[in-house]
Amino acid sequence: MADLVKLSADDLSRALSAGDASSVEVTQAHIDRIAAVDGAIHAFLHVDAEGALATAADIDKRRGSGEKLHALAGVPIAVKDIVATIGLPTTCGSAILDGWIPPYDATITQRIKAAGLPILGKTNMDEFAMGSSTEHSAYGPTHNPWDTTRIPGGSGGGSAAAVAAFEAPLAIGTDTGGSIRQPGALTGTVGVKPTYGGVSRYGLVALASSLDQAGPVTRSVLDAALLHELIAGHDPMDSTSIDEPTPDVVAAARRADVTGLKIGIIKELGGDGFQAGVSARFDEAVALLTSAGAEVVEVSLPSLEYALAAYYLVMPSEASSNLARFDAMRYGVRVPPAGSDDPSAEQVMASSRDAGFGDEVKRRIILGTYALSSGYYDAYYGSAQKVRTLLGRDFAAAFANVDVLVSPTSPTTAFPLGDKLDDPLSMYLQDVATIPANLVGIPGLSLPIGLADEDNLPVGLQFLAPAKADDRLYNAGAALEALLEAKWGGSLLAQAPELEVAQ
Amino acid sequence: MTAETLVPFDEALTRYDPVMGLEIHIELNTATKMFCGCPAEFGAEPNTHTCPVCLALPGALPVVNAKAVESAIRMGLALNCEIAEWCRFARKNYFYPDMPKNFQTSQYDEPIAFDGHVDVEVDGETYRIEIERAHMEEDTGKALHVGGSTGRIHGADFSLVDYNRAGIPLIEIVTRTIEVPPEKAPAVARAYVSYVRDLIGGLGVSDVRMDQGSLRADVNLSLKPKGSTTLGTRSETKNVNSFRSVERAVRYEISRHAGILDAGGKVLQETRHFQEDTGTTSSGREKSDADDYRYFPEPDLAPVSPSREWVEELRKTLPEPPAVRRARLQADWGFSDLDMRDTIGAGALDLIAETVAAGTTPQAAKKWWLGEMARRANETGVDIEALGISPQQVADIQKLIDAGRINDKLARQVFDGVIAGEGTPEEVVVARKLEVVSDDGALGAAVDRAIEADPDAAQKIRDGKQAAAGALIGAVMKEMRGQADAGRVRELIIEKLS
Amino acid sequence: MSEPVKGISRADVAHLAGLARIDLSDAELDHLASELPAILEHVAAVQQAAGDDVEAMSHPLPVNNVFREDVEVPCLTPEQALAMAPASDQQRFLVPKILGEE
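Chains as they are written, first to last, in the numbering used here: chain A, 1 to 503; chain B, 1 to 498; chain C, 1 to 102.
The following block holds chain A by itself, in its conformation from the complex (with noise of 0.2 Å):
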């Protein structure tokens, strides 16, 4: 058997299938792995090898009893820690919620259970996902695979690590802003954000309830479609739910046909702003779809130029709301006010609000705090969703004429630790190419599409689709993902430096 650690999960799941390995040699090499990389890399802020390894043991039994399994099940998984897990710690990447542990499961984790795969625990993140790097998790930094001294995006920079450094085939990513699709550009991994309400908010500790989605994080678009297949569908715990079926995004992958595929480049994400090698990566990947039979044009999206303030509005101002529940009075961790022998309960709260929530939280909770109070609304958070309006409108024009839409996935690439820190504004530019799709509620997948030649590091590329259509995602990721392997004779990751393998 080829290294475990290496297969995709959809070679794990033949092979499982097949008898080839077991799920407990599948998730044992992985934790192996994890136990040997994750020292350099940090991508878990919690594994959990005897829960993974006993989900692993039963699948085989049940495999070995003749039951017909799901697909994925014995293959492992990592999850965002900001996915509710009964049993296992969910932190968020917070300290307010150091060693919280759920009482319930998120709708996603009860999928992931059900199908049975092995949770080998719950990756870093950026504190509540604010963030684009992972800088600003409580627990310390995750570290980019290709580059152990740059960042690896963010929020889900531990998801999408993981997945890069082979600790993990699968990873559960949620994406508000561009947290699934902007670590993939940066770490060349796929990750997908599905549409608004596809996937089950149920469980996932909210960032900015209009924005978040959750999504898949793996390394090739079929495996990806496998997982979102997985966890996507109507759940009636969540409002916003889609009752409707999920678009067969398998068989999408499994197509990989953009013969006649009309692809619109969004004029306005790219240019000024957007790194050399990003540029070049992503116009020499345009030239390849339009080789394979692509019809390729360019679209406006004027109102693009104010998605990004829109953003830095809706989604602190929401949280600033959904995060008000952190106060130490249920749960969470209760830091009394120093210098008061008899504080109240709105002291030992504020107290606590402010020991527990690192800086980019508070930073965006005051923020939101002032864009929705009395006299400021209408001008800020009533403009910003207004906003969300014109850039519908604009989107449904450009899906009017073409299939799906393109641009680079982020600006950069990588960045070293602590570049952009102390330039919060800089750090928001990050996900300019990735919000609009959170703030109008469409699909995006990212995937990795070379190596920028300035700094030999991954850029990724963002196909968006119309709402409820992200099977089209699929058929042209998975399209340019053939094209460009069989350019480089094998995948991206192939091509990163190997890791330094603790002892």
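Quick caveat, the hints were computed from the structure, so don't treat them as lab data.
Since no wrong hints were added, every one of them can be taken at face value.
If the Cβ cut is set under 7 Å, some of the chain B residues that face chain C in the computed set are: (1) P46; (2) T50; (3) D162.
Per label pair, the in silico range of CB-to-CB distance: (4) B:K316 / A:A400: 42 to 50 Å; (5) C:L99 / A:P497: 53 to 61 Å; (6) A:S374 / C:V63: 28 to 36 Å; (7) A:A400 / B:G204: 47 to 55 Å; (8) A:S300 / C:P74: 48 to 56 Å; (9) A:G99 / C:V63: 31 to 39 Å; (10) C:V63 / A:P497: 43 to 51 Å.
Pulled from the structure, derived: some chain C residues nowhere near chain B, Cβ distances all over 10 Å: (11) S9; (12) R10; (13) H42; (14) Q48; (15) D53.
Beta carbons are placed, not taken as given, at the ideal position from N, Cα and C, and that holds for glycine.
We have chain A already, so just place chains B and C on it with the hints.
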């Protein structure tokens, strides 16, 4: 705290006109909470009715209870409101330990029902109360304050919180400004709350018990100097737990505001608490710009857009309007206009109706509720329905009288026992040994003794003067300590002396 | 159109921190007061985007009337509910004395 300077009510009204607004919170009697499937039951063991949603655990999401929406629409229709074609929930953001999310999911500028009215009657006059809105929201948990000297919030050492009530569906009904003849304001306020109670109770969507908190009224009041059109600063009085208290709170606040204004002072915009024992209000919390609730549409919930077909279907389920019902009951019962006014004034319409339904005559039901019960309610300062005796029990007592087992006088002792929690009327009669003696043996002996003791009276009866029997009956009743069947005693006397 | 963006002072930040129940230190107040104006200036661009005729989007996908039936589902046990509480007593969440009231 300095003592309030109060201006007598009548004097205050010579210089000021009261302007009122009333907010009523109704706790719905749905099986489950507003946004989760936990039971919405009253009085369970602490924290047994909670789940990730109503405890606001990280990641949990709300889903609207269809029955609560239906109840809200029916309530809106009963209040003659328009029903919104499309409306949203909104988050009202403020921190409080008994509110798990630290925002209340409520409705802001898009209530489910709006622009309604009800007509209430006071002393034969009808007053129209305009309803601004009725909206859906959720209740908070309950904090028990432990330590300190008073048991009230201030001075507590710590608090213990039970979230069973958190998330129970509430409908808040808000009136527009109420301006009625000044001297009528307290009575109109009471009549309105009482009317709403009857109306909502008739819909069957709430227990509407003020004493249990399933109906809660807040009284907003300000004064404007006579002749002025400028509104004064208003106070919001909470904790008004009975109909009587609504009236008292209005009166008190009028006197208090007048005292402040007369002295050239400024009324604070604040929340006040009504004190049931003293009939006064005490300062709660000053309203300030800190009350910035940062409302915004609830992104976790879909908008509510009741179809017109659904609304019309629900309209058909409404019971007859109160005015029609009252006219029908008056005719059925044969009550005079005055009887009816007294009945409504005492808040006893439903109680009498239920008592009649339990098998008594309307006259008997009226006698007990408007006489005995109204007197007791007045003496103890509680609402008549909170006395601790049910229409069924009153009916049972009347049946005991009809069966000759007790008389009216003994019935009062049965009421005492039932109200004191000694059991059913039957159990009280047995336990207190109240049953009248109708056993001829025992009565006959007593009659013989009475005849012997008063030969004059006995002779008169023998001579055909039956009216003289009264003296002998009295003597027998006295000997039997009232527990004799007076009719049977009379019969025995006549038998023996004829 | 909306009001033009105004600056944000240190006192404003302190007021917002009060609303948000965060006991910010003096250093944090200074820091936020110095960096928020630039962020606000950037995000204020939204005020130029749309006129009064544009509807505000609160839900990315238009769905109405998502309800559940009024049917009980199992609750957490009190032990589960209280397991992660910083303090509890008498099957209730124990919190410090509550000063304000609502």
